Structures are given as C-alpha cells and as structure tokens.
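Whenever a hint applies, use it, and build me the whole structure from the sequences.
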Amino acid sequence: MKQFQYTRPSTQQMALDAISKPGAKIIAGGTNLVDLMKRGVTAPDKLVDINHLPLKNITPTHTGLHIGSLALNSVVSENELVLQKFPLLSMALKAGASPQLRNMATVGGNMMQRTRCTYFYDTTMPCNKREPGTGCGAMEGFNRMHAIFGTSNQCIAVNPSDMCVGLAALDAVVIIAGRKGERRIPFTEFHRLPEDHPEIDNHLAKDELIIGVEIPDNNFAKNSYYLKVRDRQSYAFALVSVAAALDIDNGVIKKARLAMGGVAHKPWRLFDAEKWLIGKPISEENFKQAAQMAMAGAKGYEYNSFKLNLAPATINEALKHAAGLV
Amino acid sequence: MKDSAINKEGLSRIDGRLKVTGAARYSAEYTPAGMVYGVLVGSTITKGSIRSIDTKAAEKAPGVLAVISHFNCPKIPGYQIASTEAGKPEPKGTYKLFYNNKILFNGQPIAVVVADTFERALFAATLVKAQYTSQAYQTSLKNNTASAFAAGENGESKRGTVAAWKTAPVKLEQEYVIPSEVHNPMELHSIIAHWDAEDKLTVWDKTQGVKDTQDGIANIFKIPKENIQVNSKFVGGAFGSALQVWPHEVAAIIAARVVKRPVKLMLGRADMFTSVGYRPHTWQKIGIGATEDGKLVGISHEAIGQTSTYEDFNEEPVSVSRSTYACPNVNTNYKLTALDIGSPTWMRGPGEATGAFALESALDELSYALNIDPIELRLKNYAETDPESGKPFSSKYLNEAYKMGADHIGWTDRSPKPASVTKDGWLIGYGMGGGMFGAYRDQATCRAVMIADGTLLLQTAVSDIGPGTGTAMVSIAAEIMDIPAGKIRFEMGDSSLPYAPSQGGSSITATVGSAVNDACKELKEKFSQLAGNTETPDYTKILKDHNLSKLEVTTASKGGDNMNKYAMYSWSVHFVKVCVHPTTGVVKVDKVVCVADSGHIVSPKTARSQIVGGAIGGIGMALMEEVIIDHRYGKLVNNNFADYHIPVNADIPQIEALFINKPDPYINPMGAKGMGEIALIGMAGAVANAVYNATGKRIRQLPITPDKLIGINQSAMVNGS
Ligand SMILES: Cc1cc2nc3c(=O)[nH]c(=O)nc-3n(C[C@H](O)[C@H](O)[C@H](O)COP(=O)(O)OP(=O)(O)OC[C@H]3O[C@@H](n4cnc5c(N)ncnc54)[C@H](O)[C@@H]3O)c2cc1C
Numbered sequence: 001m002k003q004f005q006y007t008r009p010s011t012q013q014m015a016l017d018a019i020s021k022p023g024a025k026i027i028a029g030g031t032n033l034v035d036l037m038k039r040g041v042t043a044p045d046k047l048v049d050i051n052h053l054p055l056k057n058i059t060p061t062h063t064g065l066h067i068g069s070l071a072l073n074s075v076v077s078e079n080e081l082v083l084q085k086f087p088l089l090s091m092a093l094k095a096g097a098s099p100q101l102r103n104m105a106t107v108g109g110n111m112m113q114r115t116r117c118t119y120f121y122d123t124t125m126p127c128n129k130r131e132p133g134t135g136c137g138a139m140e141g142f143n144r145m146h147a148i149f150g151t152s153n154q155c156i157a158v159n160p161s162d163m164c165v166g167l168a169a170l171d172a173v174v175i176i177a178g179r180k181g182e183r184r185i186p187f188t189e190f191h192r193l194p195e196d197h198p199e200i201d202n203h204l205a206k207d208e209l210i211i212g213v214e215i216p217d218n219n220f221a222k223n224s225y226y227l228k229v230r231d232r233q234s235y236a237f238a239l240v241s242v243a244a245a246l247d248i249d250n251g252v253i254k255k256a257r258l259a260m261g262g263v264a265h266k267p268w269r270l271f272d273a274e275k276w277l278i279g280k281p282i283s284e285e286n287f288k289q290a291a292q293m294a295m296a297g298a299k300g301y302e303y304n305s306f307k308l309n310l311a312p313a314t315i316n317e318a319l320k321h322a323a324g325l326v
Numbered sequence: 001m002k003d004s005a006i007n008k009e010g011l012s013r014i015d016g017r018l019k020v021t022g023a024a025r026y027s028a029e030y031t032p033a034g035m036v037y038g039v040l041v042g043s044t045i046t047k048g049s050i051r052s053i054d055t056k057a058a059e060k061a062p063g064v065l066a067v068i069s070h071f072n073c074p075k076i077p078g079y080q081i082a083s084t085e086a087g088k089p090e091p092k093g094t095y096k097l098f099y100n101n102k103i104l105f106n107g108q109p110i111a112v113v114v115a116d117t118f119e120r121a122l123f124a125a126t127l128v129k130a131q132y133t134s135q136a137y138q139t140s141l142k143n144n145t146a147s148a149f150a151a152g153e154n155g156e157s158k159r160g161t162v163a164a165w166k167t168a169p170v171k172l173e174q175e176y177v178i179p180s181e182v183h184n185p186m187e188l189h190s191i192i193a194h195w196d197a198e199d200k201l202t203v204w205d206k207t208q209g210v211k212d213t214q215d216g217i218a219n220i221f222k223i224p225k226e227n228i229q230v231n232s233k234f235v236g237g238a239f240g241s242a243l244q245v246w247p248h249e250v251a252a253i254i255a256a257r258v259v260k261r262p263v264k265l266m267l268g269r270a271d272m273f274t275s276v277g278y279r280p281h282t283w284q285k286i287g288i289g290a291t292e293d294g295k296l297v298g299i300s301h302e303a304i305g306q307t308s309t310y311e312d313f314n315e316e317p318v319s320v321s322r323s324t325y326a327c328p329n330v331n332t333n334y335k336l337t338a339l340d341i342g343s344p345t346w347m348r349g350p351g352e353a354t355g356a357f358a359l360e361s362a363l364d365e366l367s368y369a370l371n372i373d374p375i376e377l378r379l380k381n382y383a384e385t386d387p388e389s390g391k392p393f394s395s396k397y398l399n400e401a402y403k404m405g406a407d408h409i410g411w412t413d414r415s416p417k418p419a420s421v422t423k424d425g426w427l428i429g430y431g432m433g434g435g436m437f438g439a440y441r442d443q444a445t446c447r448a449v450m451i452a453d454g455t456l457l458l459q460t461a462v463s464d465i466g467p468g469t470g471t472a473m474v475s476i477a478a479e480i481m482d483i484p485a486g487k488i489r490f491e492m493g494d495s496s497l498p499y500a501p502s503q504g505g506s507s508i509t510a511t512v513g514s515a516v517n518d519a520c521k522e523l524k525e526k527f528s529q530l531a532g533n534t535e536t537p538d539y540t541k542i543l544k545d546h547n548l549s550k551l552e553v554t555t556a557s558k559g560g561d562n563m564n565k566y567a568m569y570s571w572s573v574h575f576v577k578v579c580v581h582p583t584t585g586v587v588k589v590d591k592v593v594c595v596a597d598s599g600h601i602v603s604p605k606t607a608r609s610q611i612v613g614g615a616i617g618g619i620g621m622a623l624m625e626e627v628i629i630d631h632r633y634g635k636l637v638n639n640n641f642a643d644y645h646i647p648v649n650a651d652i653p654q655i656e657a658l659f660i661n662k663p664d665p666y667i668n669p670m671g672a673k674g675m676g677e678i679a680l681i682g683m684a685g686a687v688a689n690a691v692y693n694a695t696g697k698r699i700r701q702l703p704i705t706p707d708k709l710i711g712i713n714q715s716a717m718v719n720g721s
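Residue numbers (the UniProt record's numbering), protein chains in the order written: chain A, 1 to 326; chain B, 1 to 721.
Calculated directly from the structure, the hints in this document are not laboratory data.
Treat the hints with caution; some may be incorrect.
[Said to hold, decoys possible] Keeping only pairs whose Cα atoms sit at most 30 Å apart, straight-line, the calculated BS3-like set for lysine-lysine is: (1) A/K288 with B/K708; (2) B/K524 with B/K558; (3) A/K288 with B/K417; (4) A/K299 with B/K391; (5) B/K56 with A/K2; (6) B/K200 with B/K233; (7) A/K2 with A/K21; (8) B/K60 with A/K2; (9) B/K588 with B/K417.
Please read these numbers as outputs of a predicted model, since none were measured by experiment.
Shown next as structure tokens:
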C-alpha cells in the first residue's frame with residue numbers, strides 16, 4: 001500500500017520548508033485532495049497539514065479586505081464585512097458545493113481545486129492533465145461540462161470553482177509566500193490556460209504557499225449578482241456561471257465587472273464587455289450586446305455547444321439582476 | 001385498549017428510532033470471528049477474452065490471503081449443470097462469475113482479492129493485472145437498433161386493427177427516449193459469507209427476499225437450501241437492485257470457501273453503477289389517434305430496450321398502452337437490443353415507468369392537438385373494465401383521484417395555451433400524468449405467537465427494503481388483536497422464518513399483510529374457543545387460566561378465485577407545477593400532488609413516505625438521471641454521485657400525497673393494494689407535460705436538463721404574455 005508521511009507545521013517557515021521537499025503536498029480542508037488520492041489521481045509522499053497556521057483571519061486593510069487562505073468557505077460566505085462590502089463573493093461561495101463541504105473547504109484549497117473532468121478523474125482514461133502525453137479523453141468524448149474559451153489541443157477542461165469567479169470579478173489579488181519572501185499577483189493572472197502544459201493549473205510554484213487574497217474596496221456592493229446555471233439546484237457544478245458587478249450612477253454604468261465560470265480553464269473575465277458597458281445606460285438591450293461581445297472566440301464541442309447560447313443568456317440575466325431589472 | 005394513534009395518523013415507523021440512532025444493523029455491520037475482506041477486480045476492456053492474469057504482486061502484498069479468478073476458482077456446480085448439454089450453445093441466463101475467460105462487459109469481475117483488512121484488499125486489487133484479447137464491441141443502443149430482436153412471446157400484440165390510429169382525424173406519432181438509470185440505494189450492496197461446515201452456509205446479505213436468495217444460492221452451489229441461512233434484517237433501499245443473487249455475492253461465498261474464513265464483500269459506490277443492474281435505456285415510438293371529440297381510435301406503441309449479450313431482460317414497457325385507457329385498437333411491439341454492457345434489471349416501476357413516460361406524454365400531446373383538457377381526455381377514455389382482458393376491475397376510483405389531484409394542485413390556474421403564463425420572470429406550467437401497476441397478492445405464511453406477558457410475536461421471512469413493512473404489519477395486527485402496537489414484535493429478514501416472497505412488485509402489504517391478518521384472526525379465534533366466548537379475549541388471563549406459556553398459530557395465506565375473476569390494479573395520478581427560466585432553461589418543480597388509488601391504506605405515515613419517495617424518484621427520472629457511456633471505451637463516465645445527478649433537497653418542493661383510501665373488496669381481507677411502483681410511474685410524464693405547458697417545448701428525451709430548453713424560449717416568450 002502506498003505509505004505517506006503526515007506533518008503539521010506550526011509556523012509558516014516550517015510549512016514552506018516542508019512543501020519544498022519532493023513529493024510533498026499541502027492539505028487544507030482535504031475535500032478535493034483526499035478524493036484525488038482515493039481515486040489514484042495523485043499520490044503524495046508527504047502531506048503537509050497547514051490547518052494550524054494562523055491564516056484564518058478576515059481583516060479590513062486600508063484599501064480593502066484581506067481574507068486568509070485558511071478561512072473556511074462557509075465562514076467567508078457569512079462574514080459581515082464580506083456581506084457588506086462584497087456580497088458577490090458570498091453569493092458565489094454559497095452557490096458552490098454543499099454546506100458540509102463549505103464547512104471544510106478553505107479559500108486556498110478552493111483556488112487550487114482541480115478540474116472535475118471525468119477523464120482526469122478516471123485513471124484508466126487518457127488525460128494530458130493527469131498524465132502528460134496520453135491525449136485528451138474529453139476532446140472527442142463526453143464533453144458537456146467542458147470549456148468553450150481558451151482551450152488548447154491538449155486540454156478542454158474547466159476550472160470548477162465558483163468562488164474564483166467571484167474573486168476574479170472583484171479584482172482580488174493573491175498573496176503568496178515563498179522561501180524568498182512574499183509576492184502578489186492579480187487573481188485573473190493566478191490561473192492559466194492549458195496551452196501545451198495542461199498539467200499546470202496556475203502560476204503557484206510548488207514550494208509556495210497561498211497566504212490569502214485581498215479584495216480592493218469598490219462600489220459594486222449594491223449592484224452585484226452571481227448566477228449559476230446547473231443541472232440541479234444545489235450540489236452541482238456550473239454549466240455556466242456569471243459574476244456581474246456594476247457601479248451605476250443615475251442609470252448609467254460607471255464601471256462593470258464580469259467573470260464567467262464553467263467555460264474555461266480559468267475564471268474567465270470579460271474585459272471587452274466590461275469596457276463596452278462603461279457609460280451605457282442599464283438596459284436589457286445593452287446587456288445583450290455586451291453578452292454577445294463576450295462570446296467572441298468561443299468554440300463549442302460535440303456536447304457543450306449549448307453553452308454558446310447559455311453563456312450569453314446567463315450574462316444578460318446576471319446583469320439584469322445586478323442592475324435591479326429583475 | 002385500542003391504540004388510537006394507529007387509527008388516526010397511523011403508526012410511526014416501528015424501526016424509526018433504531019434507524020436514526022444508528023442502532024439498526026445492516027448486513028455489512030456484522031463481524032463474525034475471523035472475518036476477512038474481499039474486493040473485486042473489474043475488467044478494463046469491454047469485450048474479448050482474458051489471456052492471462054498476473055496475480056503475483058497482489059499475492060505478495062501484505063495481508064493478502066487469496067486471489068481467485070477463473071484460473072483457480074473451485075468449480076461452481078450450478079454453472080456446470082447448465083452447460084453440460086454438449087454441442088448446444090450456452091443458454092442465455094444470469095452472468096456466471098469466474099466461469100471462463102470471456103469478457104462480456106466493462107468492469108466485469110475477473111478476480112476477487114481477499115485480505116485481512118479492507119484497505120489491504122483494496123490496494124492489492126489494484127496490483128492484479130490482466131492481459132486481454134480485445135474484440136469490437138457495441139454499447140450504443142442508438143447505433144444498434146437494427147439488430148433488435150423480438151422480446152419473448154409478448155414481443156408483439158394486437159387488439160383490434162393494427163395501426164388504426166392512422167385513420168383517426170386527429171393523430172400524432174412521436175419518439176420518446178429514456179436513458180438508463182441506476183438504483184443506487186443509499187446502502188451499498190454487501191454480503192458477509194461464512195461456511196459453518198462443508199455444506200452449511202450463513203450469509204448476512206442485502207436482499208429484497210431472504211427466501212429467494214436462499215434458493216438462488218442453493219441453485220448455484222447445489223447444497224440443500226435448508227443448509228443456507230440468509231439474514232437481512234435491515235435494508236437501506238434497493239428499488240429492485242437486490243432481487244437476485246449477483247456476482248459479488250457468489251464471489252464472497254467462493255472466497256469464504258477458499259480462505260476458510262468469513263468474507264465480507266461490499267461494493268464501492270462506483271461498482272453500484274455496473275454490478276447490480278439498472279433501468280434499461282429504451283427507445284419508444286407511439287402513434288395515437290382520436291376522434292375530434294377526443295375518443296381514442298387507436299394506439300400503436302413500439303419499444304426497443306437494451307439488454308446484455310448473455311441475458312434477455314424483458315420488462316414490457318409497452319403493456320401500459322394496452323391496459324391504461326379504453327381504446328379499441330392497440331398494437332404493440334417490443335424488442336431488445338443486446339449490448340456489451342452488464343444486464344439491466346427491475347427498477348422501481350419496471351417497464352411501466354418507461355412506458356408511461358411515453359404514453360402519458362403522447363396523451364398530453366394529443367390533448368393539445370384536440371384542444372381538450374388532459375384530464376377530460378383521460379376521462380373520455382376511462383376504462384370501466386380492463387381493456388385487455390375484458391374483466392371487471394376489482395376496484396377503480398381513478399376518476400376521483402383525477403378530481404382530488406386537480407383540486408389540490410389548482411388545475412384551474414393552468415392555461416391551456418403553452419408558454420402563456422409568467423411570474424417573476426419565470427414561465428409557469430402545469431402537467432399531469434398517470435400510472436398503473438398490477439395489484440398482486442402472492443402467498444405467504446405468518447407465525448403468530450401470543451406470549452404470557454401479552455407480547456404478540458409475528459414471524460415471517462419478508463425483507464423490508466425501506467417502505468415500512470414492519471410498521472404496516474404491526475398496524476394490521478394491532479387492529480385485529482385489539483392490542484397496543486407497542487405490544488407487538490415483528491420479526492423478519494431471516495430465512496428460517498415462515499415463507500414470504502421477495503419484496504418487489506408492490507405486493508408485500510397485500511401478501512404478507514394477508515398472512516398477518518389471517519394468522520391473527522386464527523390466533524384470536526383460538527383464544528375465543530379456549531375462553532368459550534367470542535368477545536375480544538383477554539389474552540394474558542386466558543393463558544394464565546389455562547396454564548399456558550404461549551399460544552401460537554402458523555397460517556398460510558393466498559388469494560382465492562377472485563384473483564382470476566377480477567382485473568386488479570393500483571392507480572396513481574401525479575400533478576406537477578413547474579417554473580422554467582425562459583433564458584437559462586432551468587426547471588424548478590414548484591408543487592407536486594400525487595393521488596394514489598391503492599385500496600385501503602393500512603399504514604398512512606409510511607404510505608405517505610412511499611408516495612413522496614416515488615415522486616422524488618420520478619422527478620429525478622424526469623430532470624436529471626442519466627447513465628452516460630463513452631462508447632469509445634464502452635465505459636461509464638459518470639459512475640459517482642457528483643456526476644450522476646439525483647435530486648437534492650433544494651430540488652424538491654412540498655409534495656402532497658393523497659389517498660382515495662377505499663378498500664378493494666376482492667384482493668385481500670384488508671382491501672389493500674400496492675403502491676410502491678405507482679408512486680413513481682407516470683411522474684416523469686407529468687413533469688415533462690408541465691414543462692411543455694410552461695414553455696411550449698416538448699422534451700421527448702429524458703432527462704430534461706437546461707441545455708435542452710435553452711435557446712428556444714425566446715420565441716416562447718414572444719408568443720406568451
Ligand atoms: C461533491 C463536491 C461538489 C463540489 N461542488 C463545488 C461547486 O459547486 N463549486 C465549487 O466551487 N466547488 C465545489 N467543490 C469543490 C470544493 O469547493 C473544493 O473541494 C474545496 O474548495 C477545496 O478546498 P480544501 O480546503 O478542502 O482543499 P484541499 O482538498 O485541502 O486542497 C486542494 C488543493 O489545494 C492545495 N492547497 C490548499 N491550501 C493551499 C494553500 N494555502 N496554498 C497552496 N496550496 C494549497 C492542496 O495542496 C491541494 O492540491 C465540490 C467538491 C465536492 C467534493
């Protein structure tokens with residue numbers, strides 16, 4: 001039987017040392033990692049349990065809100081500051097998984113969760129993400145849940161997270177600790193597209209630790225909405241989800257933020273549509289046009305072409321909700 | 001002395017406390033001394049043969065006691081007999097474990113690994129590597145309908161003129177498809193097998209019938225059935241998946257023989273999708289025609305269902321069209337397509353649930369074509385006698401059920417024009433669909449023992465897969481004996497007890513209930529004779545007066561002539577209100593009303609829970625359940641509960657379960673008919689019909705997921721309000 005070590009560092013430095021060893025892997029809530037270990041997708045030699053590090057805090061900074069990487073998804077979604085400043089994040093979190101899972105899942109773990117592509121999970125199937133060079137089972141297989149943006153000929157998997165869609169829309173910044181110190185990267189640049197290396201989900205180095213995310217203050221609280229379309233009302237991953245945030249002045253859009261889930265290998269920000277919406281009055285016509293614009297470059301596969309229609313419909317619907325038109 | 005609670009709301013589950021506190025012991029929760037663990041190894045190819053199996057690494061792994069495959073499996077006598085007729089092709093039948101080197105489906109068990117702990121067995125199982133010779137295979141029903149063959153003797157039938165529907169002034173012909181669905185009860189299938197002696201076996205097994213399992217094992221291992229003790233005290237759901245002896249049960253029994261220790265074998269969740277059957281993927285086509293005023297002229301109903309290459313599974317989905325409505329001309333045709341997938345099996349509402357989806361959808365389509373209310377259309381074609389046999393019904397109050405359900409759902413709020421009602425940005429629709437299922441009464445025996453302290457012991461070998469059989473039986477006995485339910489102990493799930501059939505076909509309350517009824521009456525009569533009066537006897541006093549420690553009867557019970565004189569059915573009608581989002585295609589079930597015409601309701605609380613469970617199953621069937629196979633590999637890609645969707649609480653609104661509650665005068669002394677199947681049958685059609693009413697979009701291929709509704713509703717919105 002595959003044996004593995006388990007350590008529980010009490011300081012960040014110890015954690016960083018531990019994860020720099022070959023075969024070491026961080027475990028936080030374990031809701032994704034343990035599943036992957038059970039299915040044989042990953043087999044770490046050493047689990048570094050970071051749950052005892054002081055990274056659970058949710059604290060205001062002078063420019064926004066800092067959320068520690070070990071803050072639980074359930075705690076963040078109910079946090080008063082989050083609800084008051086960034087209700088979009090709370091909505092996105094509550095749209096994910098189930099209360100039981102959210103009670104275990106952490107912010108860092110959520111960011112690092114791997115795709116739910118069935119070919120990735122089934123070790124008897126080809127998958128370039130799990131085993132580079134074996135091919136992509138989904139490309140010509142059952143790809144109903146798969147990406148329509150930013151795919152490569154190696155991989156069409158999607159990032160399954162809801163929280164990340166909210167954070168991408170809110171211009172969050174990821175704070176990362178490494179042995180050489182801290183660095184910060186914009187949330188939208190944390191995850192990556194598959195290109196020729198689908199086995200790499202994001203830009204976190206193996207010996208780095210996410211310590212938190214920071215969300216800058218904004219004026220979106222009044223007019224934001226997370227809409228998730230799924231096959232059942234709870235406990236299902238998104239077919240398509242949209243995080244929409246608007247800063248509206250007198251019926252005119254001053255700023256807009258839009259991100260989509262369930263459509264790409266990373267939370268998919270709709271920068272062009274956002275830009276186009278600036279200065280436009282809130283109206284279904286404008287929302288529909290923005291939604292169409294957002295679809296540029298989308299490409300469907302055998303079973304997921306419906307997303308080409310569902311995605312703009314969901315963008316429009318989310319914007320209507322955010323603008324108070326529904 | 002009467003327990004008034006029984007008569008008003010009905011008895012609460014007698015095992016409810018045990019179940020919610022975890023005190024109820026299911027088949028996997030026994031630990032006979034020396035027990036070890038078996039884990040199956042599944043084939044990674046879909047069709048072909050095994051060239052070799054490398055078991056060395058597994059055998060060397062820590063804790064491993066044995067690795068058994070067809071190479072070293074002790075001969076299974078029941079298999080040999082079937083195949084000794086030399087020269088003849090192997091007869092079709094249930095799958096034979098470790099029988100030869102043939103691979104008939106992906107995941108087929110090719111070996112069992114036995115080890116001292118479950119984890120070690122599980123790990124060692126991953127070390128077993130087989131070499132195969134692969135052959136081309138077929139797993140797609142759609143691509144193989146051309147090779148379909150007649151399903152048994154009843155493959156084809158006709159009443160009146162074939163294809164008469166085509167001559168009708170108003171007619172339509174449509175195809176309806178259901179994917180295969182899995183039972184996947186919460187409790188995983190599990191068996192513990194223990195050879196007490198060379199030809200004596202005890203099993204703790206998840207089964208819907210301890211007596212049938214006893215017979216099944218006796219046939220496979222050719223030992224006297226009296227030597228086999230089958231225990232199945234609690235069953236955490238089955239829905240038809242535990243009506244036969246499956247390969248994993250055989251594997252555990254063989255393994256226990258080989259390692260000479262008790263072996264426990266519990267399937268994993270993924271195995272539950274491929275190892276214990278499923279509802280077969282079925283294509284159907286219905287042609288239906290009526291006169292302008294809505295009288296049915298004819299129905300033609302074709303079906304092609306999937307089966308395996310080694311067994312013909314025949315569930316007759318087309319029979320609903322012959323017996324549900326009064327229609328002079330009905331022709332049906334049912335075929336099977338053999339695919340390289342394991343066999344399907346009975347699943348709640350077998351055949352009828354599939355057929356009723358097509359028939360109830362077609363009737364709904366016809367109602368719009370005729371511009372007649374769907375209930376009125378059904379009443380216009382109401383069968384007063386059994387259309388198939390011409391016999392009178394033993395009882396039928398379906399017309400009252402239509403009315404009751406329509407009142408409760410608020411049917412008058414339904415617009416006959418599809419896609420014409422919106423509320424808060426959602427399209428609103430109403431639909432209904434009916435179900436029917438034969439009301440059966442089999443034979444059963446019950447032992448009733450009155451003990452000196454006033455405890456009544458009832459014993460019969462039935463299993464309770466969850467509907468609350470024990471509760472229903474205690475309710476019947478309490479009523480007859482006129483004693484509090486708390487004084488009654490019901491013992492079951494043990495093959496040494498008097499005979500009862502398997503729990504299936506919605507027949508247990510009618511069958512075992514009759515045995516309980518008859519035994520109690522006989523026992524009471526015995527007391528009356530002893531005491532010399534016919535009043536309600538004082539049991540403890542009489543026993544004391546006569547210096548008896550107990551008084552008992554063992555009573556066999558079965559139906560009489562009436563079973564042949566009358567056509568016996570249970571009926572249901574389901575009413576559904578849905579909200580459909582016009583642009584995202586999301587369907588929310590907003591309200592459900594189910595009315596059952598299933599005779600006298602013996603146990604109201606558990607009856608309600610049966611109906612609610614069936615309705616939820618029907619919502620799952622309508623909106624989410626679908627087994628998906630990647631035909632390039634012949635393998636399931638959604639064999640887990642994250643990807644195979646069943647409803648969660650958020651999907652289910654309040655469900656009103658209503659009962660006609662009028663006794664059937666002929667079926668049995670209680671006047672009770674079955675309701676397990678009718679709770680589900682017709683529900684998927686009702687949901688699909690409501691979705692059509694909401695959107696104007698007819699979905700004929702289940703499940704109705706958002707992608708099937710997306711993009712079409714812009715026009716619906718324009719047509720609508
Ligand atoms: C049935 C099911 C349904 C689900 N549905 C949804 C859904 O609808 N929407 C949704 O968004 N999610 C869903 N999830 C996923 C869930 O959100 C994730 O499993 C969870 O967020 C992971 O967090 P965790 O703390 O448990 O991570 P873990 O499992 O502990 O870790 C996951 C990964 O993150 C790494 N990691 C953890 N913390 C850090 C850190 N601080 N720094 C660097 N690396 C780190 C680990 O090494 C590991 O690789 C579902 C999960 C399940 C099992």
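Results of checking the hints against the structure:
no., hint, result
1, A/K288 with B/K708, "21 Å, holds"
2, B/K524 with B/K558, "19 Å, holds"
3, A/K288 with B/K417, "28 Å, holds"
4, A/K299 with B/K391, "60 Å, violated"
5, B/K56 with A/K2, "18 Å, holds"
6, B/K200 with B/K233, "20 Å, holds"
7, A/K2 with A/K21, "18 Å, holds"
8, B/K60 with A/K2, "15 Å, holds"
9, B/K588 with B/K417, "20 Å, holds"
This entry does not satisfy hint 4, going by the numbered hints stated previously; all others are met.
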